[in-house]
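So the sequences go chain by chain: A and B.
So the first sequence is numbered by the working numbering: it starts at 1 and just counts up by one.
So the second sequence is numbered by the working numbering: it starts at 1 and just counts up by one.
These aren't lab readings, by the way, just hints derived from the structure by calculation.
Just so you know, not all the hints are guaranteed correct.
Here are the simulated SDA-like cross-link-like pairs (lysine to any residue), alpha carbons at most 25 Å apart as the crow flies [as the list claims (entries may be wrong)]: (1) A:158 with B:460; (2) B:458 with A:130; (3) B:458 with A:153; (4) A:158 with B:564; (5) B:221 with A:153; (6) A:158 with B:732.
Which bits of chain B does chain A cover? Going by a derived footprint, with three or more residues having C-beta under 8 Å, they are [stated by the list, open to error]: (7) 40 to 53; (8) 729 to 743; (9) 782 to 796.
None of these values were measured; they are calculated from a predicted model.
Yeah, the Cβ is synthetic: ideal placement off N, Cα and C, and Gly gets one too.
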Amino acid sequence: MSVTGFFTDSTLCIGCKACEVACKEWNQIPDDGFLWSGLSYDNTIELSASTWRHVQFLERSLPVAGARRRESAAWEFHSDVCKHCENAGCLEACPTGSIVRTEFGGVYIQPDVCNGCGYCVVSCPFGVPDRNPSDGRVFKCTFCYDRQRGGLEPACAKACPTGSIAFGPLETLHDRALRRLEELGEQGIRDASIYDASEGSVGGIHAFSLVRGDPRAYNLPPAPEIPTVHLKTAWRSAAAGALFLLAACAAAFAGTRR
Amino acid sequence: MPGLGTSFGRGGATTAQQDLANSDAILIMGSSMAEAHPVGFQWVVEARERGATVIHADPRFSRTSAMADLWVPLRAGSDIVFLGAMINYVLDNGREFRDYVVPYTNAATILRDDLKDTEDLDGLFSGWDPEKKAYSPETWDYRGSPSKKGKAAGHHEATGGHSKDRGGEADELSVFERDPTLEHPRCVFQVLRRHFSRYTPEMVEKLCGVPREKFLEVAEKFTAASGPEKTAAICYAVGWTQHSVGVQIIRTASILQLLLGNIGRPGGGILALRGHASIQGSTDIPTLYDILPGYLPMPTFGEDSKSLAAFVQKHRSRTGWWANFDKYLVSLLKAYYDDAATPDNEFGFSWLPRTTGDHSHLGYWLDMADGKLEGLFVFGQNPAVGAPNAGFERKAMAKLQWLVVREMVETETAAFWREIDVPPEEIDTEVFLFPAAGHAEKNGTFTNTQRLLQWREKAVDPPGDARSETWFIYHLGRRLKERAARERRPRNAGLNALWWDYRTEGRHQEPDVEQILQEINGWTVADRELVSGFADLKADGSTACGCWIYSGVFPELGNNRANGREPAGPYGHGWGFAWPADRRILYNRASARPDGKPWSERKKLVWWDAEKEEWTGHDTPDFAKKKRPDYKPKKKAEGDDALSGTDPFLMHPDGVGWIWVPSGLKDGPLPTHYEPLESPVENALYPRQQSNPAADRKERPGNAYGSAVDDGRFPHVLTTYRLTEHHTAGGMSRPLSHLAELAPELFCEISPELAREIRIRHGDWVIISTARASVEARALVTERIRPLDLAGRRVEQVALPYHFGPIGLVTGDVVNDLVAISEEPNVRIMEAKAMTCRVERSGGTARSDGGGA
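For reference, chain B alone in the conformation it holds in the complex:
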């Protein structure tokens, strides 16, 4: 998400699935869209039928490859080389969309003289502190940007990468120098050119295992489908995110799309395909530790604990949309604390919890293994199967005193105590398994992949004691508040102040979810009138809003726009509500030329209506409606008024798309290829920097690694994936006969060459081992997975679906036992999509469990 967030301003897909039908080329990489998103894939099929070129770059030939014009098998973990070489191809051949790049990106911006690139420092940028294993990002700033007052922004250990600025606006990025000719040796464009100059087709052959002709064919087809008359889109999913360089892979794609002028235009964009129904929603209104709703940062203990004013000073930017930061934060505090939040008590800012360290899923689990966690709630998740090094995580749960699991069935997580090597009588964990309502048994919304909120109505009451999550959280909160009211200790102040007067209905006292959506939309405090959108929010405490980006979803009583069912126009406005403000394609000001006219008739989307003096078009303009294309800001202007009429990326303080990220990433302002933490080959681009220096390996007993390069014990590349037939960790598919029968056993896709080498036949049982664990699976020997030729070296790739566990109608070993707990530096995600393994013939008897090789 920071990949898209830093590049464009918002951590959401820039486009909508339906819009893929307008693409002239679609690159699907890091995703098997047809398998994991079959419904959305219909628009890829439609685009193909209209003549678009569909390219699938993936280690496996999957259902998606079967529908593509081109399948490009590449080594898992070499994505940045491939995409970097595409950038290099664009620059070398002058294929950038210059009329777009100069006004709409920071390509012309001049960087500081003391900046050093990875080309100068053998794979590191300037600012690296080898002791702290972290960057100090000052030298990445624009030249001439003055420092912000107060404490310098940076990468506090406890900050995560999800918030809007990941640790504070660095500097006044509204002040900078530009060279529109793009010739200045320190301008972003030239620094970029030099940075990727060694990402050549030869390097692609050597590191990705893609023949150079094939690479050139992809590069040519993709760039040829970009320009004023054409657009190309990129789709990705967790095949990109679950890497030690995941954010930077997405960054590479973002740079490519900015250079080709494919952002904000119909048929263009980057579609982040989310893992399931409301994953986008669960970052918008987060289940993450480092953010508050609407990508507002969660304060960190110590430095952010002082005052609301200091916090606002740190995170508010003078120019661009985030000048409104204080309005959204204060409105959120008013939604939490209502009348108890006053200007005198800083609207209750001090009641917000503070992060003190790595409270991500992975950080928590390591703490749990060390006995630092007393209890745990698990909702809608099955970490005993779905989490990395799941064997380690199952064992860690035995250190808890209590565990609450809310599920529709007894999952492996609820039954972890049966699935570990410790006798149950020695486990102190008390497990509370609560029956949960399914999605058809409760009202609410999903926010899908394309930021679209869709309301669903309850079809039936949940059976027996099953209740919705909302019910559980509401009544838990109510009881905690009742208890806190009797104990007026200072630590209960926040809980006592919390507004919790939700209406309930029915015999089960289910909270009225529409009322919650109204609170999310926001209202005026005095008379509870719903606000019409985030433009109405104020910093003086007169408005309350639960999530500013969703504001406008419920603009008046009786008008739940998420429940809109009457789509109209090419983008289906009227069906659901896309945040922000029902804009279906973000940054769509860029679909018009700087003068406000469409780039071409074929690709028109939003344009300036000179007669009416406003922006108009097929989509809601993602731009101030009345801001003229020739508008020039006054010197002292703030906020959106400080951005000109040609600045489409209005969340950014400089209003342009960021090819170069001056602030906000922990592992570099430009993407750099680093090998996975376990790799069969050396990093040929930066021999002195094998893997991402900022990644955290979390190496410890039970979380071991093979050697970083070419471990003789684990010669093959291993990647994991999903099948259409199952749902993530299997809790919702393995208990259902209609799904379970379709993929009833764990299998392992291996090439005929590898099968011959290890003397196994199709259907035999094989054991796949990593430094963490071994699992047993049926061998599915298929030509759909190919050995790669890495400049003379043959590398085999092995692929495993990860849906299986020991409970359900169909069972199998837990593939995530093979994965290490590691943390990408920005979002702390594990590297599940590229590691090394061994495959051998099984004796054909029992599974082996844990312990490592």
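Extracted from the complex, chain A is given alone in its bound form:
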């Protein structure tokens, strides 16, 4: 089995939300409630237990007249999803073994094993796993494990009309992303970059994106880290603290004997 990935190219996204709907239909996910957010055309707001694909809408100030080529700078769309990290914080934090890595390289939560402890929720640097309020269990994108097992591409990629969500062997996607970046450069677009979190403890993500401007605008943290990288220092500090307390206790007893 080859390691598969998503390459989401925001410059091709038209914000149609077909990915969101296809994801919900295939995975039979309930709605998020029917609240108008006022956040541009985005009413599902963020990835959650009931939204595994989410299209972000970024409205920026428009040039009023005589605007330059590529006015797309004014309204950007980006389809966000679980990043399926190379070193996954959620997977490392899971005490029950519910979260596993699949043969496709994806990070998968087994709903029948999950006990709802929520450790993974706080361990994800991207804020992806979310507890379902009705039963406490955690849900997120499965990378359409069932479809991939059956030789099908994930529902979101299948539904995307403009090729903004590309699915395939991870390596070829990286090549494709680099080519795309070059292409955009030739078109005069210089503010695009690939966000793949390859530096730092996450060690790269299997669902990576091409975005324009500052990735932080898309809720993509500039230097994501998994909490376990702090384990060594944390244990060292704890040990040092314990040693110090032990010494202090010993010193105190030594003092009273006199």
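Chain A is fixed; fit chain B onto it per the hints.
Chain B alone, transformed into the frame defined by chain A:
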């Protein structure tokens, strides 16, 4: 549709969505294609990635604008000024594709001396009758065209604009004079030049609110992407059609595309984006009152009631493809009446119903409000939300005695009695709500935007008592026939004669839809052999064909071409079947020079193979396969033989594209800018002719208007639109959680400037009012909608999506309550895309309903 029909010959998109990828420039106007046609929009994105310039001209910055290179905000209802100025720009700068224009259009044709243009008559053409409020079009003819025998064609009150000739072939348009130098002062080219001479960049600034630099940038980019080596396409949707001048907006685009040589060529054309899955299909095999299948006109009472021969004489043209009119009509009658149709009874012509007046949706509803209609069937439609002045229409339904609604859910139309101010016990209407099968629950075809028939197989049986429309119509017809058979009154003669022996299958006795498609394709009467195409059809009663333009879709048993799933070549032949005769790009003879060679290697599509002596190429030639480029017709030749080897627009009697429309339009042979029926500004081009003189306002209590110009009560321009998240009147999206949550409430897009002016904040509730009604919505304050500067006057535009109603998981006020019932003269469509309104802060409590301001 008559916009394209009169200009080119057929009322369908001239191109295919896939072909947009070959464009060098795409102008999207009157459409938010990315929102309403996201799947087809992939080819616009592809073209952009290949370097095409994508231009979106629209009041709102939508998803489409976000993907465009240029967004041009313009005032809703000023489209003809903008496009007319592009025509003027082309002519002024000599940018027309002259080698195309002279042989392939009627630019060189000379017009009559007694013709008067709008420049002579302050905004009217010659022939206007102020009493009848209608044109008499004789002076629009070509000079020298002899009159046809029999009653003069014209604009009968009961004829609509959808049929192939809209009231009869006017005259012998095959006879005319030409000046290939285009210098003759009465030639179409010079008349056109004069007609649009005042449509200047300054006028665009003043009426559209588009800065002249921006206009010039668009004009330059679009024209620069046209010529032998390049092509540009135009896409439109209901943002053009739903105007009091809708047909003429499309005409303006057609003229521009003819001048630039962009019709019939790869990457060119005009793509009419249809509203949903089979809207093209529902005019081909019509749900319209004024036509029969294949754009054959529906006879009108009185003048067309006399005889088949007179009807044929009126509508058959001597030259061009419509010389075959009688073959298609008689074959249709044979499909209806089979053995009962004989030469002796004129193949049952007298059994066809006759129109007696305006039986359009709008005309019907006004009659309904007046108590003239007893019952109504509503299929696949939710007029209580989707129709203009929907509040008026809901009330009118209470005058019915019975109403049949077939739907997948209970729509507002089925539940209209709960949604009006009349107590249910005072409403006599008996409502029958039948559960309908969804599209995955029945076999059949869709005919999409690009005339492509695609077969779909039933995936599952419909639940419970739900049945297909075909089932309902078949069994209703069967029962009516059984009843009529017992009552042999003269009025039942047609019903008794009707052939209705469709095969049924399964436990629900669903009709065999393939058999129906075979009937549509046509067969020989004697042995029921399927015909291979419309060329096989005869006028002697030996063939039957349900819709001649679809003929060829089922050429032999076991070969349902609509179900073809193996696309090959750049145009995907083998996948589905595009009418006519699987031609993907219409008029594609024009993709080659008059001598038959491609205009350029880059833009080759169909060309003359001198060795094989036939037309060949990437598409099925839309031309007689063996007709040589140098073919010259003999004098007495008829039909297609009367057109030369350089006449690509073969439906027209003169074989060329019509810059000038001598026959067939009710509001002028050339497009003229008229303001919307409600407008904030005066018509600066024709101060004495504010709005379309031929449009019908249908003004009456309950259907009131603000003043035509600058009504102080309604200072802003209002337009309506669709969101990707919902489907038209919401009957198929508001009940679905996955769609409803994406756009859960009615909102109103307004500019930050207007928000400041009326002291509201983003997210507040606002009330939007027109002379008809008020609705309440959340304010979505956004810079994506901009105030316009109309030569010093600031005009605000307000935009509302129209998907909401009182039933479903998400609900909201009915935006179409704000729209007036008005009729564009050719197709009788309402003006939903440009009107005037007021916006004010809401008290934040209940909705206000109807009654007006």
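Each hint, compared with the structure:
no.: 1; hint: A:158 with B:460; verdict: 22 Å, holds
no.: 2; hint: B:458 with A:130; verdict: 38 Å, violated
no.: 3; hint: B:458 with A:153; verdict: 24 Å, holds
no.: 4; hint: A:158 with B:564; verdict: 22 Å, holds
no.: 5; hint: B:221 with A:153; verdict: 40 Å, violated
no.: 6; hint: A:158 with B:732; verdict: 22 Å, holds
no.: 7; hint: 40 to 53; verdict: holds (count 4)
no.: 8; hint: 729 to 743; verdict: holds (count 7)
no.: 9; hint: 782 to 796; verdict: holds (count 4)
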